[in-house]
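First to last, the sequence lines map onto chains D and Y.
Quick note on numbering: the first sequence equals residues 2 to 249 in my numbering.
Quick note on numbering: the second sequence equals residues 7 to 450 in my numbering.
Since the hints were derived computationally from the structure, they do not count as laboratory data.
Since no wrong hints were added, every one of them can be taken at face value.
Here are a few chain Y residues that face chain D, going by a calculated C-beta distance under 10 Å:
| # | residue |
| --- | --- |
| 1 | 31 |
| 2 | 65 |
| 3 | 67 |
| 4 | 89 |
| 5 | 92 |
| 6 | 93 |
Computed list of chain Y residues with no C-beta within reach of chain D, every gap over 12 Å:
| # | residue |
| --- | --- |
| 7 | 332 |
| 8 | 333 |
| 9 | 345 |
| 10 | 412 |
For every residue, glycine included, the Cβ atom is placed at its ideal position computed from N, Cα and C.
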Amino acid sequence: MTGAGKASVLIVGARSDIARAIAAQFAARGHPLMLAARGTDSLAREASDMSIRYGVPVTTHELDVTDLAAQAAFLDSLDPLPVCMVCAVGTLGNQDRDAKDPQAIRAIAEANFVGPTTLIEAMATRMAAAGDARAIIGIGSVAGDRGRAKNYIYGAAKAGFAAYLSGLRQKHVNTGVHVMTVKPGFVRTAMTDGMDLPGALTSSPQDFAKGVMRAYDRRATVYYDLRWRVLMTVIRALPERIFMRTKF
Amino acid sequence: MSFEQTLSGWGRWPRRACMTAPLQDRPVDPAQGAAIARGLGRAYGDAAMNPDMTLMGASRDRILSFDAKTGVLVAEGGLALADLLAVFVPRGWFVPVTPGTQFVTLGGAVAADAHGKNHHVAGSFGDHVLWLDLACADGTRRRCSPDENTDLFNATLGGMGLTGHILTVALRLVPVTSAYMIQRTIPAGSLAEAMQAFEDNLDVTYSVAWIDCLAQGAARGRSLVMLAEHAAPDDLIGALRDNPFSLPPRQQRRMPMDAPSWALNRHSIAAFNRLYYKAGARKTQAETVDYDRFFYPLDAIQDWNRLYGRRGFAQYQCALPLATSYDGLLALLDVISSAGAGSFLAVLKRFGDGAPQRPLSFPIAGYTLALDFALSPETLTLFDRLDEIVVRHGGRLYLSKDSRMTRTTFDAGYGAAADRFRALRRDTGAADTFRSLLSNRLAL
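My request is simple: use the sequences and hints to build the entire structure.
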């Protein structure tokens, strides 16, 4: 398993547990990895872990996705152009604190929407120019499906992100760039570690990543696991007057 | 980023609401209150529980380096042995020492100074640790090894996480040429025969006995002594010979619910034991089994701890010095069989020399007996009687399995080393920084 012949996969926001789990799935298939995030020293750990476990070459790339001016240089530095980009950038924020702080709202919008969409747009253009089949996987959130009192600033940014991906998918329907939206529900991660999550609705990052790969293999457009699809269909269907009184 | 959740050890008793947060790779902030690190929660009792703050460490599981020449692996403390084996067995490496489950972390194995079926030849887990990085009470991160911060190193091996948070572990793996074991079984009709079988086979790498703790009279202590070595490709048959690291697919079963409390009683267990012994006694030929089935038979049943019902269970594991082992074990078996309590999972094992330089390391040269019991008031009374016998014979209990021993029993078992450990905790500030229900109970 040297990864020879397999094309590279870029993981942006590589330190998150979901990104790690998806990266592991690609590496296990023999794809060399490009890991990008802020603070490459701590990415070195991810890189050694992946390369030792799966025997694939792994490179690390410094990237602050909210630094828009630096994005072109980052994309230029990728050699070769990856066959797939997974964008797992995002920050949950703290709803109660952020709601009182315009700067925090701006930061949430930049980290979850402005930064990722700018980067994905540029990447999609480059991938389309390359002409062969490539893919972009954007990690959204079920929080974007309906604004909830608990996390509506984050949710609003993720809703925007989902709408963006949907539009991009339509734009690239004939270019060979496949765009897939992934919406994790409750996944046991550092973000949710310790929360008393409802067991039936919670999956491990590893199980979730396997589901993502199955969806990727069949070129699905939107992936969330079945239980959440059912739940969110119900939640979305609730009339606003009823929804506003629920605790969900 | 902290949340409350209900935690318990593998025995599911005691259960307590604990504040939890992810264990971070950063210095301990002395201003924060006392905490304990937790891995996969496989200690049976209260070792990895602190209601005020329990730090969840199992997702810190990155492999940091591996030297294929020397077998030295460096990884974060949360790496599970199961993951380690999945990665390295196909490359011809195995863990030097493994407990009876692979769902333990490196940090947990260090904290317990875990032992395995090869203790009599390979010592305990700590004998294969080259160094470890510890987040200490004074806010420093210290590299500890047999040459560097030696006292801290020794106290950490077996120290139940009470000397600092174990962040990184360097472990020397051992080479193997297949994923299989050659196993043979020696039926032993009595305790004396079982012990003789151990003494006659001290050069065999792996040995362990299943013991029928309910057999009485002349059959007291009858056992199936199982001996094993790693298989070489030439020992394997057919296609395996060319593919010595390929494993059969393993069926994962799950214990779907708590067993009702009446399911396990002296009659059902005695009947099981009789059948199991007879079946084992017929199987005297060597057989080939994969490492998974040999080392981790119970791991195949997820949540097997529910077998003992909702009230939970406790494991009683003691070690007795060689000189008093026979008398002590007989006395223990007498009390257990006359109480009619017992379990399917009763294990006898010969220990090699212990590690007296590590104050809380459990193994001592002699024998160890481990038995699971469903929890009940009678069980706890029985355990108190067993404690008396163990102490009288100069033995001790294993902290990783314990949820109920008294400080008196602990001090009697570990002697002056217990106070050495307390002094180190006091002097390094660990006593105020790293605390668990276990350390409170035993005034560590």
